[in-house]
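Peer 1: Each chain, written out:
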Amino acid sequence: MIKFENVGVVYPGGVKALENINLEINEGDFVIIVGLSGAGKSTLLRSINNLVKPTSGNVVVDGNQVTNASKKELKKIRSDIGMIFQTFNLVNRSSVLKNVLTGRLSQVSTIRSITGLWPKEDKQIAFDALERVEILEKAYVRGSNLSGGQQQRVGIARALAQKPKVMLADEPVASLDPVTSRVVMSYLKKINQDLGITTIVNLHFLDLAKEFGTRLIGLREGNLVYDGSVDDVSDADFENIYGRSIKSSDLIGEDD
Amino acid sequence: MINLPKKPPPSLMVFLGIPAVFLFSYYCFSKVGFNLSDFRENLQNRYIVTDPLFNPKWSWAIENASEAIIETIQIAILASIVGCFIALPLSFYASQTTNQNKISFFLYKSFLNVVRTIPDLFWAMMFTVAVGLGPFAGVLALVMFSLAIMGKLLSETIDSIDPGPLEAAKSSGASHNQSVFTSALPQVLPNFTAYFLYIFELCIRASVILGLVGAGGVGRIIETQRIFLRFDRISPIIVLILVVVILIEQFSVWLRRRIL
Amino acid sequence: MNLPKQPVQQKVLKYAITSLIVVGSIWSASGLEITLEKILKAPEQIAILVGAMFPLDLSQEAIERILPKVAESLFIAWAGTVIGAIFSFPIAFLAANNVAVNYVSEATKQILNGIRAFPELILAFVFLPITGLGALTGTLAIGIHSIGTLGKLSSEVIEGIDEGPLEAIKSSGGSKINELLFGVVPQVMPTITSYWLYRFEINLRASAVLGVVGAGGVGAELINQLRFRDFPRAGTVLVATVVLVLTVDTISAAIRRRIIKGRSIKIDQ
Numbered sequence: 001m002i003k004f005e006n007v008g009v010v011y012p013g014g015v016k017a018l019e020n021i022n023l024e025i026n027e028g029d030f031v032i033i034v035g036l037s038g039a040g041k042s043t044l045l046r047s048i049n050n051l052v053k054p055t056s057g058n059v060v061v062d063g064n065q066v067t068n069a070s071k072k073e074l075k076k077i078r079s080d081i082g083m084i085f086q087t088f089n090l091v092n093r094s095s096v097l098k099n100v101l102t103g104r105l106s107q108v109s110t111i112r113s114i115t116g117l118w119p120k121e122d123k124q125i126a127f128d129a130l131e132r133v134e135i136l137e138k139a140y141v142r143g144s145n146l147s148g149g150q151q152q153r154v155g156i157a158r159a160l161a162q163k164p165k166v167m168l169a170d171e172p173v174a175s176l177d178p179v180t181s182r183v184v185m186s187y188l189k190k191i192n193q194d195l196g197i198t199t200i201v202n203l204h205f206l207d208l209a210k211e212f213g214t215r216l217i218g219l220r221e222g223n224l225v226y227d228g229s230v231d232d233v234s235d236a237d238f239e240n241i242y243g244r245s246i247k248s249s250d251l252i253g254e255d256d
Numbered sequence: 001m002i003n004l005p006k007k008p009p010p011s012l013m014v015f016l017g018i019p020a021v022f023l024f025s026y027y028c029f030s031k032v033g034f035n036l037s038d039f040r041e042n043l044q045n046r047y048i049v050t051d052p053l054f055n056p057k058w059s060w061a062i063e064n065a066s067e068a069i070i071e072t073i074q075i076a077i078l079a080s081i082v083g084c085f086i087a088l089p090l091s092f093y094a095s096q097t098t099n100q101n102k103i104s105f106f107l108y109k110s111f112l113n114v115v116r117t118i119p120d121l122f123w124a125m126m127f128t129v130a131v132g133l134g135p136f137a138g139v140l141a142l143v144m145f146s147l148a149i150m151g152k153l154l155s156e157t158i159d160s161i162d163p164g165p166l167e168a169a170k171s172s173g174a175s176h177n178q179s180v181f182t183s184a185l186p187q188v189l190p191n192f193t194a195y196f197l198y199i200f201e202l203c204i205r206a207s208v209i210l211g212l213v214g215a216g217g218v219g220r221i222i223e224t225q226r227i228f229l230r231f232d233r234i235s236p237i238i239v240l241i242l243v244v245v246i247l248i249e250q251f252s253v254w255l256r257r258r259i260l
Numbered sequence: 001m002n003l004p005k006q007p008v009q010q011k012v013l014k015y016a017i018t019s020l021i022v023v024g025s026i027w028s029a030s031g032l033e034i035t036l037e038k039i040l041k042a043p044e045q046i047a048i049l050v051g052a053m054f055p056l057d058l059s060q061e062a063i064e065r066i067l068p069k070v071a072e073s074l075f076i077a078w079a080g081t082v083i084g085a086i087f088s089f090p091i092a093f094l095a096a097n098n099v100a101v102n103y104v105s106e107a108t109k110q111i112l113n114g115i116r117a118f119p120e121l122i123l124a125f126v127f128l129p130i131t132g133l134g135a136l137t138g139t140l141a142i143g144i145h146s147i148g149t150l151g152k153l154s155s156e157v158i159e160g161i162d163e164g165p166l167e168a169i170k171s172s173g174g175s176k177i178n179e180l181l182f183g184v185v186p187q188v189m190p191t192i193t194s195y196w197l198y199r200f201e202i203n204l205r206a207s208a209v210l211g212v213v214g215a216g217g218v219g220a221e222l223i224n225q226l227r228f229r230d231f232p233r234a235g236t237v238l239v240a241t242v243v244l245v246l247t248v249d250t251i252s253a254a255i256r257r258r259i260i261k262g263r264s265i266k267i268d269q
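Protein chains in written order, with the working numbering: chain H, 1 to 256; chain Z, 1 to 260; chain A, 1 to 269.
These aren't lab readings, by the way, just hints derived from the structure by calculation.
A partial selection of chain A residues facing chain H, derived with a Cβ cut-off under 10 Å:
#	residue
1	Asn2
2	Leu3
3	Pro4
4	Lys5
5	Gln6
6	Pro7
7	Gln10
Values in this document were obtained by computation on a predicted structure and should not be read as measured data.
The beta-carbon is built from N, C-alpha and C at its ideal position, and this holds for glycine as well.
Construct the entire structure; sequences and hints are all you get.
Peer 2: Below, the structure written as structure tokens:
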């Protein structure tokens with residue numbers, strides 16, 4: 001489904017964010033990427049939909065060349081990839097429904113999106129997505145009036161509304177408490193299992209990774225240092241990925 | 001003995017700047033002819049103005065100036081609405097947050113800057129030559145005026161919005177315009193409204209003057225009366241205008257509170 | 001599924017505002033007799049005017065006439081701003097309700113509002129018969145109007161300060177004057193100074209305009225050239241004004257940024 005072919009990313013200024021990444025992710029996988037801050041997790045994720053363009057190598061998604069795609073091709077590719085963010089990135093002043101509808105933008109003409117005359121089918125898709133994350137009743141509530149966990153669920157609904165083939169989650173629970181984090185992660189897991197959407201999640205909480213992941217990828221200083229099943233991973237493997245022993249801040253823990 | 005830190009020397013700018021300011025000010029005052037004794041002499045003449053000024057002819061004013069005052073208000077309403085709405089898309093092009101194309105950004109921002117430098121009355125003068133005397137020229141002039149101010153204020157606001165939602169929209173495959181419309185515009189709408197009301201008030205004041213150069217409004221009446229030193233007619237007109245301005249100001253404060 | 005209903009209030013407000021804007025525009029446009037025909041003809045007419053201004057009149061004679069006037073606008077604006085700054089500063093303290101007694105500050109605020117209400121041009125009108133044609137009238141008009149606006153803005157800055165440092169001074173035995181000098185002034189100076197500079201930028205435009213009524217500055221030049229249909233020379237006046245204002249704007253903006261940001265001091269270890 002997703003193939004990294006010798007991907008490297010060097011930021012202006014010389015920082016090597018990713019080096020020589022060769023990776024294949026299969027359709028329906030639920031992949032969790034761990035690593036220290038700055039290890040390249042975010043860059044790796046963003047090179048899948050070309051928000052960050054690799055300086056060397058190629059990314060292929062569902063048979064389509066992403067890295068050197070034209071603007072038009074890129075839009076089509078991106079419409080099949082949903083993304084959720086650590087800071088939720090909702091439009092605060094807009095309602096939940098309006099936020100989720102932005103997931104349908106790529107399928108709707110500019111005029112309709114500006115005047116607010118969304119086609120009925122698109123509105124229904126939005127409602128379905130909201131129901132899947134069990135937040136349908138808040139459809140007309142302003143984004144900023146929701147809690148963090150609720151906002152992230154709206155973010156998931158927005159991505160779902162795209163009817164994507166791939167779901168990218170960049171530290172989706174970093175700003176949430178342990179209970180809410182588990183709720184959000186379980187939604188992601190359920191969507192992956194029920195709808196078969198290939199899901200890739202960046203996490204820096206190791207226990208959460210072990211709890212929800214099936215496949216684990218470890219990045220260290222831009223290099224791929226671990227790729228295997230979550231069941232096989234040991235504390236020693238984690239220490240190798242982090243380059244140091246595990247601290248309590250690496251675990252989300254339980255709510256006391 | 002403790003090691004005292006060295007006191008930082010006064011910055012060069014302050015050291016040279018402050019005396020320069022004083023010198024320049026002195027120069028300016030002498031150049032504009034500021035001469036205390038002359039000034040005192042001139043003040044003796046103040047009765048030419050103050051006598052009629054405090055003797056307002058209300059009936060004349062109401063009879064002859066009401067229509068013109070309404071014209072003044074209409075110019076302000078039309079110009080601020082048209083100017084601000086044109087400025088809305090321009091502002092997004094004049095901010096690097098929503099316009100990544102460096103050349104296009106530079107062009108739009110420079111355009112706004114240049115339009116800002118030309119005073120409203122200059123615009124009015126030019127438009128009266130281009131499209132003829134009358135309120136149309138006045139409206140066009142204040143459109144440029146509103147455009148410039150809204151453009152600057154709004155583009156600076158757009159500079160400091162949260163780019164996150166924009167990134168989210170782009171990553172879902174939405175076009176640039178769709179992303180800006182759904183994810184950037186809502187963030188600045190309250191600011192746009194506040195700026196619009198502010199610019200509307202500015203337009204009312206500016207529109208009073210336009211008549212001076214024949215661009216419509218009550219200004220032409222004021223000008224004609226001024227030439228004949230009929231301050232007894234001018235003062236009631238000014239008071240009427242002030243009343244209108246205050247009423248509009250109160251209305252906009254009320255409106256601001258309801259919407260925001 | 002149970003679809004939630006959209007709250008009615010949001011929609012009503014939106015429609016109310018839209019109709020207000022549409023109705024307001026149509027009423028105004030028809031009252032002013034602005035027809036579609038006029039609007040469509042306008043771009044062409046503007047293009048004709050702009051075309052007539054180029055090439056600009058850059059002859060010796062033109063420059064000798066225009067440059068001193070442009071400079072005069074600069075002087076008027078500066079002198080007017082200085083008057084405004086000097087007088088508005090103490091008045092602002094009187095108008096601030098956390099420095100002056102309530103009825104004093106209220107009264108001062110109303111007086112300032114009164115002064116502010118008159119555009120510089122109207123003030124120039126009033127002064128013309130007294131101080132005659134020329135730069136002095138313009139300076140007075142701008143100066144007095146600036147006292148009004150700067151007074152109000154400065155008083156708002158004073159009202160918005162952090163009272164903490166004042167309390168500290170008072171508790172250590174400082175007098176009210178000490179409070180003002182060491183507590184209020186250092187807090188408000190950066191913002192107030194940047195307001196002075198911003199006012200200078202605006203006054204520069206105002207002084208250019210005042211020339212139209214003979215109160216000095218480049219406005220008289222422009223209106224004369226336009227009346228005599230000497231468009232190239234009018235164009236020169238415009239360009240000269242634009243250049244002057246842009247330069248002043250840029251320098252002033254840079255200084256204002258620097259004032260607000262403050263200076264970074266290198267500490268030698």
